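Could you use the hints to bring the two separately framed chains together as a complex?
Here is what each chain is made of, one letter per residue.
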Amino acid sequence: MSILDKINNLDRRWIYLLAWVFVLFPLLNPLGLPIPISQDARTWYDYVENEINDGDVVLFTPMYGVSGMPELFPMTVATMKHLMTKDVQIIVVSFWTEGPLVFNTLLTQVDPTDYGYVYGEDWIRLGYVPGSETAMGSFGANIHNTVTADYVEGRSLSSFPIMENVRTGEDIDVIVSFETGTPGTSEWMRQFNAPFGTPQITGCIGVSVSGMIPYLQSGQLQALMPGLTVSAEYEILLDKPGLAVAGVDAVSTSHVYVTLLVILGNIAYFMTKEED
Amino acid sequence: MVDITIWVGVFFTLAIYSILYRENPWFRIAESCYLGVAVGYAVGQDLKYIRDQWGGQWSSSGGMMLLFAIVMIIGLLWYGRFNKNLFYLYRWPLAIVVGTGIGAALRTVIFSQFLAQITSQANTPFFVAGDMMATINNILVQIMVPSVLLYFWFTGEIRESAPMKVVEKIARYTMMAGFGSAYGYTVLTRYSLFIGRSQFLLGIPPNPADARTAFYVIAFIMLATMIGYDMFMKKETPEE
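If you read the sequences in order, they're chains A and B. Quick note: the first sequence, position 7, residue -2 per my numbering, numbers continuous. With positions in the second sequence counted from 1, the corresponding number in my numbering is that position plus 63.
The hints are simulated quantities; they were obtained by calculation from the structure and are not laboratory data. Where hints are given, some of them may not hold.
[Claimed, not checked] Below, a list of computed lysine-lysine pairs in the DSS-like style, where the Cα atoms sit at most 30 angstroms apart:
#, chain 1, residue 1, chain 2, residue 2
1, A, Lys72, A, Lys231
2, B, Lys298, A, Lys(-3)
3, A, Lys(-3), B, Lys111
4, A, Lys72, B, Lys111
5, A, Lys(-3), A, Lys231
6, A, Lys264, B, Lys232
7, A, Lys77, A, Lys264
[Claimed, not checked] Computed footprint of chain B on chain A; a stretch qualifies when at least three of its residues, placed anywhere within it, have a C-beta under 8 angstroms from a C-beta of chain B:
#, stretch
8, 109 to 121
9, 181 to 189
10, 228 to 240
[As the list claims (entries may be wrong)] Residues of chain B placed beyond 10 angstroms of chain A at every Cβ, according to the derived structure:
#, residue
11, Tyr153
12, Arg222
13, Val250
Given the structure is predicted, the values throughout are model-derived calculations rather than measurements. Where a beta carbon is used, it is the ideal one built from N, C-alpha and C, also for glycine.
Looking at chain B on its own, in the form it has when it is part of the complex (with noise of 0.2 angstroms):
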């Protein structure tokens, strides 16, 4: 028996990747069914949470009613940016989330993300016994770490001068190779994401077996539309 789920699948994934060819229908069909179906997805997820609180705590006393109603109003402003004359009152609920969020990173940043890096660059041994590439490593860490932070001081006379050229340099390179290696793993994600989508295409288990039927048939099917369609409109357009 015929899994239409699968079909449906393999027709998603063929006319999102018909962007190659060209801007077409197939795509334009795809991207939008996608669009409302992850908006619709992400509503539901949102709803079922705010149910769930509301049944798991905000409804158990009249006090804890009120703070969620509070909660739900300041939620509905952001419909506010939809409207010309209630735009400001989007503005409340976009200061509360800002705040927030920025509040609640700021807390730990400094440690996380600051202190401990500190730390880490200064405990880095120059020299590993018994381990050549550590070794290695750990001295590049220590050149490359501190040129880089140098090269971005822009203040001051000793700017210019001849030492800090070199340290210059060897920051250049070292943000080279930086962005060498963030695009090979790139390329790597890349090609993994449509790895990942040709196994399903081609049914490689546990992906269904089905799935290659469909593909070999939805994608003639769709390569021959939009070629024959580009011959047809040749056909038609006189040559100058």
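With the rest of the complex left out, here is chain A (with noise of 0.2 angstroms):
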């Protein structure tokens, strides 16, 4: 058996320890690559920085589950401190089952009272609505009655005086949404985005970000942050590096790994195809 043969029967174990190698390596060593800042990158900082303004109401919305976590988890935490250097509302919300959760583990990285924030006045949150899109539009129609409780305390939204004047999506001047996929932006567009015109930014994983480019171009999306690199660059210019930068060496090894074995898989597969 010749040495292309071989790789082309190659065990998948050898590749997946491969794999590994080429993850936990940078990871124990870090090899400082330089990271550019990218235009989505400056574009999410200028549009927290810029276009939220202090006494915005900012729906914050935690879309995904544990899974989707070492993606998103970076950019989120990243944005709540940015958002939090602000003076502005926040209302923490989520449509998928998880969110309540993914959020309790962002409260152990970031604590509101840091910033000054006091819970009921300047940030609340509502916890899981189950009820997907239909819950998304019967959020925008009317907040008080699809969250009769916060997740916090148990007590009426009418009790907390930042809930006093937010009662439809009207109210909400922004969106801030990470997501792994349904429901997610097509949703928030078609319940937010198009009756009421809020203006969003999204916040997403690589897989979904071919699907959000159209929205991005349409100016339906103010800005995107498209996965874990792009988090990375926008902790630089937030100046706290975080989980992001400190994968980022990893992410560039993995990727040039994926690119030799598809480059050697292709050697392998024509050169035995023309010996047969």
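Listed below in structure tokens is the structure:
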């Protein structure tokens, strides 16, 4: 058996083992590869910094579960920290079951009191709302009926100062959504952007990027943060390096590895095909 | 003091990854536990929502209570699915969910996902003064989008004409570029997930440092049991 045949019939476990090596090595020994700032990261930073004004009501929505955390959690944390440097009102809600779980984890890294945020006055958690897109439509039509109690204290929304003047989708100034799929941006577009004209910025996993670009080009989305690498760039812009920056070396090495595999696989395939 | 939750997290992460070696009991334990916990969590969240709704508005008057009871009964009809004789009852809540879902989406889909895209395409200028890359990008958009739309036009003799063959070729290249881009982003996502868990396993801050010890110990035990079992079975099986 030639070496090319051996490559074609390589036990997949060797490929997995090498994948571990290519990921773990740069995590244990950071390479310090340069991280150029892309336009996506800059647009996101500029939007949060300049377009979201003091006093704005921000709907902050972690629309993903624990499986999406490795890619989306760093940008969720960084954006929350950025928002809390401003004097905005933050309403946290999720239409994904595990959204509250993700936000619980976020609170272990971001303490709102450190930023002078008071629960019920400057920010509030509404928890998880079941019903997917229908629930999002209902939420836009009447927030107080769709969510009758907050997530932390179980009290009526009317009893919180932050919710006094926030009753429908019209009262939301901007949506900041992080998502892995459905419901996500398409549903926000249909239930909020179209009826209320609510501006939105979205952080998404790489798989979803192709589907998001049309919304960005049409101006329905104001900014898009696609995946972990742009997250790292945003952390650098914020001057708060976190998990994304720590992982970006491994992203580079893993992509080099995949590229090598694709090249090697093609060479082996075509050369053995010629031999046949 | 050892934080048992960290060890549990590391165990389940490695147990799920152990499928990369082969199907094994560690993986099956983790898979079953995950399914059970995820379903339990989802049911808990749903019940909390129902409880809050009852306390918030539905218990406020007799009429509201009656409506709440009707809604709950319709919800219970879902369980007709588990009985052949009552299966037809399951179609009622299904019809309501599908009907309301489609209705809610169709209400605005024409604006958000059709007209807005067409308007954006029509407003894309061919030339952007002082920005060569934007100009090239816009020209490509203006050529590629109509080409792909025409690619899916399947009727009429014009479909077989020479200009349409050119359009088809452009469309195929466009779609291939799109699929390639989607594949690249998919690799990014998959590796990002792996990197995120690896950061946890290695205890890279803000992950707990104890995770690294747990990683080494549990990975050694899992590998030893799986490889040891395979070697033992190989020894037991007589060579032909």
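Looking back at the hints listed earlier, which ones does the structure fail to meet?
-> 3, 5, 7, 13
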